[in-house]
Each structure stands twice: as C-alpha cells, then as structure tokens.
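Asks: Residue strings, one per chain:
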Amino acid sequence: MIHFVEYVLRGALAGAIYALLAAPMSLLFATARTIDFAVGAYALIAAAVAATIGGIAGAEAGLAAAMLSAAIMSLIFVGLKRLGCEDGIVFALASFGLSAVIESFVLWYWGARSFIVSYVAASWSLGGIRLDQQGLFNLLIAAIVVVILHVVVRHSSLGRMMRASAVNAVGATLAAIPVEGLQMGVYLAGGLLAGLAGLLVLYSAGIDFTAPLGLTLSGFGAAIVFGVGSPLRCLFGGIAMGVAQALASGYLSEALSAMTPFLFILLVLSMRPADTEALAGGRP
Amino acid sequence: MTLTATSLSAHYGRLQVCHNIDLSVSAGEYLIVLGANGAGKSSLLGALAGIVASSGGITLSGRRLDQASARVRAGSGLVLVPEGRGNLFAPLTVEENLAIALRHLPGAERREILSEVLALFPILGERGAQPAGMLSGGEQQMLALAVALGRRPKALLLDEPSQGLAPVVLDELIAAINRLRSLGMALLIAEQNVRFAAALGDRFVLLRGGEIIHEGAPAELADRRGTAFRLMGTH
Amino acid sequence: MNLRMLRALAICVGAVAMIAGSARAQDAPVKIGAVLSLSGPAAVFGIPERDAIQAIVAKMSSTTKGGRKFEISFYDDKSNPTEATRAVNQAINDKVVAIVGPSTGSGILAAGPIAQRLSTPLIGPAGTLAITDPKNEFYPWIFRAAPSDASDVRAILQDMAKGNAKKVGIFYQEDAYGKTGVDLAREVGPSLGLNVVETASAPYTATDLTAQATKLRNAGAQAVFLQISIAALGSSFVKAARQVGLSVPIYANAGLAQRSFAENVGNEVEGLRIVSIGNLPYDPTPGEAELAKMLEAAGKQPQGWGELTGSNALMAALGAIDRQKGKDITGASMRETLESLCDFDKFARGRVCYSAKDHDGWHEDALVITEVRNKQFRSVP
Amino acid sequence: MSFVARRGNTLVLAICVLIALPVVTRNAVWTDSAALLGIYALLALSVGLSYGQAGILTLSQAAFASLGAYAAAICTVRWGWPPLADLPVALLLPALIAFPVARLVARLSPLATALSTLAIGSIIAIAIRSADDFTGGYMGIAGVPSIGFVKAPASYAWLIWAMVVIVVFLYENLCHSAYGRALNVLRFDQARAAADGVNPPMLVSAAFAISSSIAGVSGWLYAHYISFVSPESLDAHLSISALLMAVVGGAEFILGPILGTLLLDGLTRLLPAAELQGVYYGIALIVILLVARRGIFGLIEGGLAQVRQLRRSRSGEVTALEIEASRP
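Residue numbers (the numbering used here), protein chains in the order written: chain A, 1 to 284; chain B, 1 to 235; chain C, 1 to 381; chain D, 1 to 328.
Some hints here could point you the wrong way.
What the hints assert, rightly or not - List of simulated lysine-lysine pairs, DSSO-like, C-alpha gap at most 30 Å:
# : chain 1 : residue 1 : chain 2 : residue 2
1 : C       : K325      : C       : K357
2 : D       : K151      : C       : K135
3 : C       : K31       : D       : K151
4 : D       : K151      : C       : K95
5 : C       : K65       : C       : K95
6 : C       : K31       : C       : K69
7 : C       : K135      : C       : K59
8 : C       : K327      : C       : K65
No lab work stands behind these hints: they were computed from the structure.
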C-alpha cells in the first residue's frame with residue numbers, strides 16, 4: 001500500500017512538468033484555436049542557454065531565448081494570417097517546422113551533449129516517503145501558473161477578449177479587440193511557460209537535443225486528454241498522465257508501462273462524448 | 001450629415017465589387033440598402049466598417065475615417081452588426097458578450113448603458129448566464145444590437161438583421177429597432193426583405209451589381225409593380 | 001536529341017576519365033565514404049566520430065602513412081536505417097572503395113545487402129551483435145570497428161562481480177542499445193554469480209525517473225546497472241536514486257562514458273563505475289593522447305569514446321589501403337585485405353586482428369573500467 | 001471521353017511515370033531514390049485519403065506501414081511463405097486495426113483525432129518492438145527475400161510506381177463513386193450527410209481502414225525492397241513527415257501528396273545534410289506553408305480560379321458565389 005501511495009505521489013510530481021507544457025497549448029487554443037508544437041523546442045533552448053550561462057542570469061537568459069523563439073513563431077502566425085490562412089492545422093504544422101529549426105540549431109551550436117546541472121535539493125520525508133524539494137517546487141509552480149491562467153481566461157476581461165478572438169475573429173475586430181496583438185501575446189506567454197518547464201526539467205533531470213518532440217507530445221496529451229479549453233484541466237491531465245505512468249513503471253512490464261500513457265489517452269478519449277467545442281481547423 | 005460615403009468602392013483582392021457609391025445618412029435617419037443576393041450590400045457595409053478593402057471617402061460627423069483601421073472606426077462610433085449576428089461570441093455568455101462591448105467605459109457609464117440596453121431588450125436580462133449561441137435567432141439579434149449599442153454608435157450598420165427569422169419574430173425586431181430612434185443615431189440597414197425595409201426605413205437605395213441604381217421612399221415599396229421591384233428583378 | 005548529345009558527351013568524358021585513371025591509378029586519391037549519424041539521437045556518437053575522422057585527415061594531409069593520397073566524403077544517415085541505405089548507395093555511386101559507418105546497428109543491417117550487391121565493405125563503429133552474425137547473407141562485407149556490446153557488458157559485469165552485490169537491478173533506455181544490454185546482462189550475469197532481480201526502462205525524453213528508481217529499490221537491488229547512451233537520462237536516474245534512497249553502487253555501460261555526464265552531474269555520481277572504450281578525455285594511453293591532441297588542434301574537445309571508434313574505422317580502412325601498395329584498389333580488394341588485416345596503425349588500445357571468422361576485430365582489451373572521481377573518469381588499474 | 005476526364009489524375013501520373021522512370025533508372029542513386037520516393041508517396045497518399053477526404057488528421061500512418069512491413073518479414077522469413085502470399089496480410093492487418101480505431105475517433109475533433117491516432121501508432125510500435133521472439137524486438141528482421149521475379153532496384157522502382165499508379169486509379173474511382181461523393185458531402189456538412197441516409201462514422205471509418213491498407217502496402221514494398229525492418233525503419237517521425245508531405249502538396253487533391261513527397265524529399269536531398277539540416281528543412285517547410293497554405297495544388301487551383309474570375313469581372317458578370325469564394 002505504501003508503495004502504491006509512493007508511486008502516486010511521485011507520478012503527481014512528475015506530471016507537473018507535463019501540465020506546465022500543456023498550459024501554453026491550452027492558452028493558445030483558447031485564444032487562436034490552434035496548437036503550438038514547438039513548445040518542447042522552447043523548453044530545450046531555454047535549458048540549453050541556462051545550462052551554458054549558469055546561475056540566475058542563465059535562467060533569465062534561457063527564458064528570454066524561449067520567448068524570442070516564441071516571438072518568431074508569433075511572426076510566422078501573423079504572416080500566415082495576413083496571407084489569409086485561417087486553418088489552425090496549418091499554424092500547427094508550421095510550428096513543427098520551427099521546432100525542427102530550433103532542435104537542429106541546438107545540435108549545431110552545442111553539439112550532441114546533454115544539458116545537465118548539478119543541483120542538490122533538500123528532501124522532505126512524508127510518512128517514510130522521501131520527496132525532493134525540487135519535485136514539490138515543480139508541482140507548486142505548475143499549480144500556481146495554471147490557477148493564474150485559469151482565473152485570467154475564465155474571469156478577467158483579458159480572458160474574455162482572448163476567448164472572443166478565438167471564436168469569432170471578425171466580431172472581435174468589430175468590438176475593437178486587438179485580436180492579432182492578443183494572439184501574439186499568447187504565443188509569447190506560451191514561450192515563457194515552456195521555457196520555465198525547460199528550466200525545471202534541466203534542474204530536476206537533464207535534457208538533450210532529442211527532447212523536443214517527446215516533451216511536446218507529453219504536453220499535447222496532457223492538454224487534450226480532459227478537454228483542451230481550460231488550463232485547469234491541463235493540470236489534471238498532466239498529473240493523471242504522470243500518475244498513470246508512474247504506476248505502470250512500478251507494477252507493469254516494460255512493454256505495458258511504455259504503452260500506458262497512450263492506452264490512458266485512448267481510454268479517456270473513447271469515454272468522452274462527441275466534441276461539442278468548435279475545434280481547430282475543422283475538416284479541410 | 002452624420003455618415004457620408006463619397007465615390008466608395010470595395011475590393012476583394014483585384015476584384016472590385018462596389019463601384020463609386022455616394023450616400024449619406026443624417027442623425028436619426030434610417031436608410032435601407034436594398035438588393036438581391038450578391039448585389040454588393042454586405043461588401044458595402046464591410047467597406048464602411050473597414051473589414052473589406054475600399055477606396056473612396058468616408059466621414060463620420062465630419063471626421064475622415066477612410067484610412068482608419070476597423071478597430072479605430074469601431075472606436076469612433078461607426079459600428080457594424082455583421083450578417084448572421086457576426087458580432088456575437090457564441091460560446092460566451094450573454095453577460096460576457098455585453099461585458100466585452102462595454103469594457104472600454106468607466107464604471108458609472110457602463111452601468112448606465114447596461115441598464116439602458118436592458119430596458120430596450122428586457123429579454124437579455126433573463127438570459128444573462130446563457131451562452132449566446134443557445135439563444136433563439138430573435139434573441140441573438142437583440143443581443144447583437146445590444147452589443148453594438150454598447151459602443152454608443154453615432155452610426156450603426158445592420159447587415160440583414162431579418163436573416164433566418166420567423167415572421168412573428170420579425171415584427172418584434174422591427175419594433176425593437178424602431179425603439180432605437182430615441183437614441184438619435186444614423187442607421188444603415190442592408191436588406192433583401194422588402195417588407196422589413198418598408199416598415200423601417202425613412203429612405204432606401206437600391207443596389208445591383210455593386211452600383212446604386214435607384215433611390216426612393218418606402219411608400220414606393222408598397223407597389224409590387226413599381227420601379228423598385230422591377231429593378232430588383234428577383235421578387 | 002539533347003539527351004542523346006548529353007549521353008554521348010558523358011560517355012566521352014567517362015572514357016577519358018577511365019584512360020586517365022588507369023594510367024595514373026597510383027596518383028588518383030582513393031575515395032572513402034563516411035556514413036555517420038550527424039543528426040537524430042545517434043548523433044551523440046556520430047558527431048564525435050566525424051570530428052575525429054576530420055581531425056585525423058587534416059593531420060595526415062589526406063595521405064596515408066604509406067604515402068597514398070586519399071579522399072573522404074561524409075554522408076548523414078540521420079540515425080535512421082532507411083537514410084543509411086540511401087547514404088550508402090550515394091557513397092558507392094560516388095566511387096568509394098570502403099565505407100566508415102553507418103553509425104547505428106540498424107543502419108548497418110539495413111545497408112548490408114547494398115554493400116554486398118555493390119561489393120563495398122562497411123566498417124561499422126557500432127557494438128550491435130547482429131551486424132557480424134555469420135548467418136547474415138552479407139556477412140563478408142561487414143567489419144566492426146568497436147568492441148561488441150557483449151564485450152562491454154561482460155567487462156562491466158565482471159567488475160561488478162568483484163564487489164559484494166549479488167542482486168542486480170537494471171535501468172535501460174527504450175531503444176535497441178538499451179534492450180540489447182539488458183538481454184546480454186540477463187544472459188551473462190548468472191555465470192558471474194549475479195542475479196538480475198528487476199529491470200526498469202524509460203524513453204529518451206522521460207523527465208522523471210523516480211518511479212523507476214523506486215521499483216529497483218523495492219526489488220532489493222544491491223547494485224544497479226545502467227544501459228544508457230543519453231547522458232541526461234543518466235543524470236536523471238542518479239538524482240532519482242538519491243531521492244528515493246536507492247544508495248547502492250551504480251555501474252554503467254560504455255554509452256554513458258560521455259564528458260557532459262562526468263562534468264555536470266554533482267557529487268552523487270562520485271564512485272560510479274563506467275566501462276569505456278579507451279579513456280580519451282582523462283587517462284589516455286599514448287596513442288589516445290595523440291588523437292586527443294589532433295582533436296584539440298582541430299578545435300574540438302574530446303568527448304568520450306565516439307572519437308576512438310570513429311578513428312578505429314578510418315584507420316582500419318587506411319591500413320587496408322597501405323597493404324595494397326602499388327595495386328588498383330577496389331571495394332572487393334579492400335574487403336579481401338580487411339579480412340586479413342592485423343596490427344595496423346591505430347590510436348585505441350587493444351590488439352586488433354580481423355580474419356574470415358572474426359569480423360569483430362576489437363575485443364575486451366580495448367576496454368577500460370573507469371570510476372567517476374572529481375568530475376572525471378579515472379581509469380581503474 | 002468521360003472515362004478519360006474522370007481518370008485525369010491517373011493518366012497524368014502514368015504518363016509522368018512512363019517518361020521519368022526510364023531516365024531515372026539509368027543512375028543507381030536515382031533508382032534507389034525513385035523506389036523509396038514511391039514508398040513514401042504511397043504513405044502520403046494514405047494520409048491524403050484519410051485527412052484530405054475523410055478528415056481524419058492521422059499521425060499513425062508509419063505505424064500501419066510497419067504492420068505491413070512486419071507482416072511481409074514474418075510471413076517470408078519466419079514462416080517461409082512464398083513471395084506475394086504475404087501481400088493480403090499486409091493489406092488486411094492494418095485495416096483490421098484501423099477500422100475499430102476509426103469508429104472510436106471519427107466523432108472527435110481533429111486535434112483529439114490526431115492525439116488518438118498518435119496513441120494508436122505508438123501502441124503498435126511498442127507492441128512490435130516488445131514481441132522479441134516474434135518480431136526480432138529492437139533488432140528487427142534482416143534478410144527479407146525479394147518479391148520473386150522482382151530483384152534489381154530498377155525493377156523495384158517500376159513495381160513500386162506501378163503500385164502508386166494503381167492506388168491513384170482506385171483512389172480516383174473511389175472519389176467518383178457514390179461512396180466518394182457521400183464522403184465529400186460529409187466533409188462539408190455532417191448533418192446533411194446524415195439526412196441523406198449516410199452513416200458518417202461508418203463512412204469515415206471505412207475510409208480510414210482503406211488508407212491504412214495503402215500504408216500497409218507501402219510497408220510491404222519497403223520490407224521487400226530494403227530487405228530489413230526494425231522499429232526505427234518506419235517510426236513516428238515518418239508519420240509526421242507523411243502528414244507534412246500530404247499537406248504541402250495539397251491533401252484534398254488526389255495527386256497532392258505525391259507532389260508533396262517529391263518536393264519535401266527532394267529538399268532534404270538537395271539541402272546540405274548534417275547538424276544544420278533541420279534548420280534548412282524547417283525554414284523551407286515554413287516558407288512553403290506561407291506561400292501555399294492549401295498545398296501546391298491549392299495554390300495552382302487558386303491561381304486558375306483567380307484568372308477565370310478576373311476575366312469574368314472585366315466582362316462584368318460576377319456571381320455571388322465567386323465573391324464568397326474570393327473572400328479572405
């Protein structure tokens with residue numbers, strides 16, 4: 001029993017990172033009805049810069065690098081929009097392109113090395129289960145970020161404008177909402193959050209140039225699994241995926257445990273009623 | 001004159017759909033732009049509101065707006081209610097839709113306009129927490145008007161407000177729009193429903209192939225064999 | 001018509017080239033291809049392999065010790081078997097007589113049939129056992145330029161068996177490298193008195209390995225064996241082990257013998273033992289030191305053993321060229337020479353002899369057990 | 001005449017193949033590229049059918065292809081089946097898995113669909129690499145024999161492109177059939193399709209199953225041509241590439257995915273390979289998307305439509321529909 005509880009706790013802590021990667025996806029979806037598949041790459045560039053410079057200045061530079069990358073994505077987004085693209089899927093595919101660019105740039109500039117930072121966190125004992133402060137810190141950050149985002153999206157004037165921009169861009173323009181500016185801002189905020197996730201991954205584990213796709217897909221899963229519209233669901237999605245993964249690696253064979261996150265996603269999606277939300281792109 | 005357009009043309013890319021249109025509406029006046037499907041009505045309204053590219057002059061209360069962006073025009077009081085209640089955000093609640101429309105105002109004024117609007121359309125008060133998309137067609141049109149009024153428009157452009165509404169709801173809507181006369185703004189309504197136009201307008205212009213081909217008074221529309229009907233060609 | 005003229009022109013040019021070629025066979029540089037993983041997950045090895053080859057070629061000014069000019073061209077296999085076949089095809093089309101690479105085992109297995117069909121030997125710097133399996137139809141055309149995974153695993157488990165641990169837990173990454181290692185350890189372990197009690201795995205991008213560490217702890221592992229080539233995973237596991245209270249000796253296979261692992265992980269890796277192919281960055285033999293110097297001259301910092309395996313493959317090819325002094329060199333002649341190549345110039349430690357029965361060449365004497373001390377891999381005597 | 005008009009894509013492709021292949025097969029590298037490009041083109045076509053026609057944004061096509069490839073490898077290497085006997089297995093196995101999956105995801109939004117196909121693809125990949133004794137695990141299976149009479153790379157190139165032409169022919173027939181028209185209606189108006197007595201989930205699932213069979217064939221060809229399959233051969237990255245190829249060429253056009261394959265793969269050939277390859281590739285992809293949002297074919301069609309419209313607008317007849325169509 002104690003082992004079961006331990007796996008659940010560890011999984012919940014691990015899920016914090018997924019939630020943090022899912023949050024920008026959810027936010028962007030709420031504002032622009034598309035997904036940014038470059039979040040894993042923002043996380044990588046943030047970690048790479050932070051590990052190279054080191055210290056607080058490194059962390060700041062890392063976040064700046066992530067935001068700069070996201071700014072490029074926002075320019076691509078605006079470019080596509082100005083040229084008349086309204087298909088959320090096309091924006092998402094373009095972000096795959098940017099992700100390839102960032103990943104490849106990191107490989108070229110830093111080589112194939114892993115980014116690792118030695119950092120000893122104190123640990124607390126909870127009923128005989130030792131938990132690193134770093135892990136708890138990750139969860140705390142994810143929770144704070146997600147709750148702030150939830151309040152902003154659901155209950156603030158800014159959030160109303162964001163949601164309005166997503167569902168009816170023409171109507172939002174007529175209501176004098178700066179739609180494009182808002183969406184660009186959300187891309188930037190997404191870069192910041194993904195950069196933050198990258199730093200947390202760097203400090204709690206380590207990261208290398210192969211990470212972006214995996215991180216992106218983990219975040220994507222966490223964002224979609226309980227419904228993409230709300231940041232709060234990202235936290236639950238991330239934690240649920242983390243717990244499912246931890247329990248599976250604890251109790252199941254390697255093959256089954258590798259399958260678990262995907263089986264979990266399929267299970268949840270198959271139980272979900274048909275989507276009522278007007279979703280990105282639609283059928284081509 | 002509150003709203004004037006001089007030699008206004010609308011374009012989609014290299015394709016010109018409205019040609020050298022001159023019109024003007026004064027404060028308190030209701031002008032109907034009549035025309036069949038594809039006559040260029042929506043394009044004309046879109047060009048005035050700045051969501052369709054245009055050339056030519058547009059002034060509102062003497063201020064030139066033809067170079068201004070759609071946002072600036074909306075902010076200056078030239079407000080469009082697009083076809084199909086396109087200024088509404090379906091998943092957002094009635095309250096949220098109104099809050100977006102009123103967000104630029106200071107608190108006291110906001111409350112004042114809100115009560116004014118709710119007095120004009122009492123049904124909206126009852127539906128406050130419902131998503132706009134769940135309202136009936138007529139209620140949605142009321143909300144669309146209410147949202148537009150929240151900007152205190154000097155000139156209001158309504159694109160086919162009658163679209164998709166049952167006759168009985170139409171009468172309610174006509175009554176509601178007539179109640180707006182007290183606000184003293186210039187109103188431009190694009191319509192193909194002649195009955196609706198006849199009941200509302202002070203004046204009408206007839207659009208075909210993107211050009212004004214006829215002007216007249218609503219009384220003319222009562223005659224089904226009159227010039228207006230002949231020119232419209234469809235009814 | 002144009003096409004016909006072009007073809008005629010091509011034939012003329014080709015004929016002239018052939019005549020010139022046979023007249024000056026000795027002067028024309030011998031072409032070697034290097035098909036390496038320069039992108040994708042195997043770039044961890046592919047890039048150091050390329051760096052070493054470039055450094056050596058620069059140092060030798062493209063001339064073998066025997067005075068023969070050679071020319072090397074690089075192709076990227078993108079860590080993918082299909083791309084490996086395309087790259088090998090391209091290289092052979094470019095008239096190379098031997099290919100260094102592909103970098104990965106699956107790349108070599110995929111490209112093997114092409115090498116056989118087009119009679120060009122592959123000298124692969126990979127440990128994968130299956131590449132030199134005599135059952136392969138293309139067996140004669142594949143030579144290994146690194147100790148096999150079996151040698152690596154045996155060496156590190158032998159070291160582990162010297163300690164007191166009997167119950168071993170294994171953590172491995174979810175790919176061919178990881179799985180091969182765990183299978184070999186299960187096979188070799190019992191003969192050394194080591195019992196594999198539990199295994200756990202994770203994909204490359206796992207961000208948290210505490211569950212895996214907990215699993216090994218719960219199984220009562222007295223030592224842990226890591227079969228990993230992604231340094232970030234190694235760092236993550238070591239941190240997780242400390243966190244869950246899994247404080248047992250940790251042993252790692254060669255994949256983790258990378259500079260970025262030793263230098264950046266904190267004190268928790270102190271005493272961790274890793275088997276490595278040579279010890280280029282920290283305790284080099286004279287030969288290895290020479291290679292390290294060449295790398296530094298080329299502006300590269302020695303990273304681990306990728307440089308050594310890359311140099312092994314190149315030096316084997318150059319050795320085979322020098323054995324054919326004064327002869328026309330073809331893919332087939334390279335293969336024949338390689339098959340009897342023994343004691344050629346190289347930088348890595350260990351004695352290397354290929355034969356018709358042994359296409360592995362490198363064995364356990366090329367390996368060294370190292371221990372992490374003060375952020376360095378120090379060779380254990 | 002109507003036969004020709006309704007098989008336009010097939011004819012165009014067949015003519016291009018007949019002209020290009022004899023030239024291409026003179027060079028060993030081009031021959032090899034042609035064979036692999038044909039295999040990728042089949043994969044992209046399968047995306048075209050499932051995304052462009054049925055609206056299923058799929059990230060599992062490479063996994064279906066690897067089912068086909070492993071079916072070929074296991075039947076011939078493990079069980080010693082004669083060549084060609086494994087083709088039905090490579091066709092049916094992916095469809096048997098794809099059909100129920102599609103029943104599950106057809107009602108979901110495009111993003112949720114993408115996620116669930118990604119999940120299915122990953123589950124297939126993990127299952128394959130975990131069944132050590134059966135599939136050879138991570139090491140894969142080497143020594144897959146040739147398809148009997150087809151041995152030289154040039155013959156493979158011909159066989160593979162013949163297969164592409166056949167698939168395009170069947171695809172085109174499908175589009176002109178009652179079934180294809182129903183699928184088309186469904187794409188624009190679910191409610192109307194249902195009112196017409198169509199069963200949308202059934203229709204979409206069938207399309208997805210057919211598309212997975214096409215992927216299965218591409219895998220089958222892959223295994224016999226390369227003679228080796230491993231979990232890395234047809235991995236998740238290829239699923240993403242296949243989607244990009246289809247979108248870049250124009251997913252809703254029959255020949256779009258093939259054009260996209262030639263373009264994207266050609267780019268990776270021409271761009272300098274090594275660490276920076278991803279930078280060039282990513283930038284090229286973004287530029288292509290910026291220039292042609294509905295794919296190259298969409299760009300061509302849009303250009304033609306505009307020319308026609310301009311001509312008519314000069315003569316003064318512009319219909320409401322065209323104005324509607326030209327709106328941004």
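Asks: Against the structure shown, which of the earlier numbered hints fail to hold, in ascending order?
Replies: Hint check: 7 fails alone, others pass.
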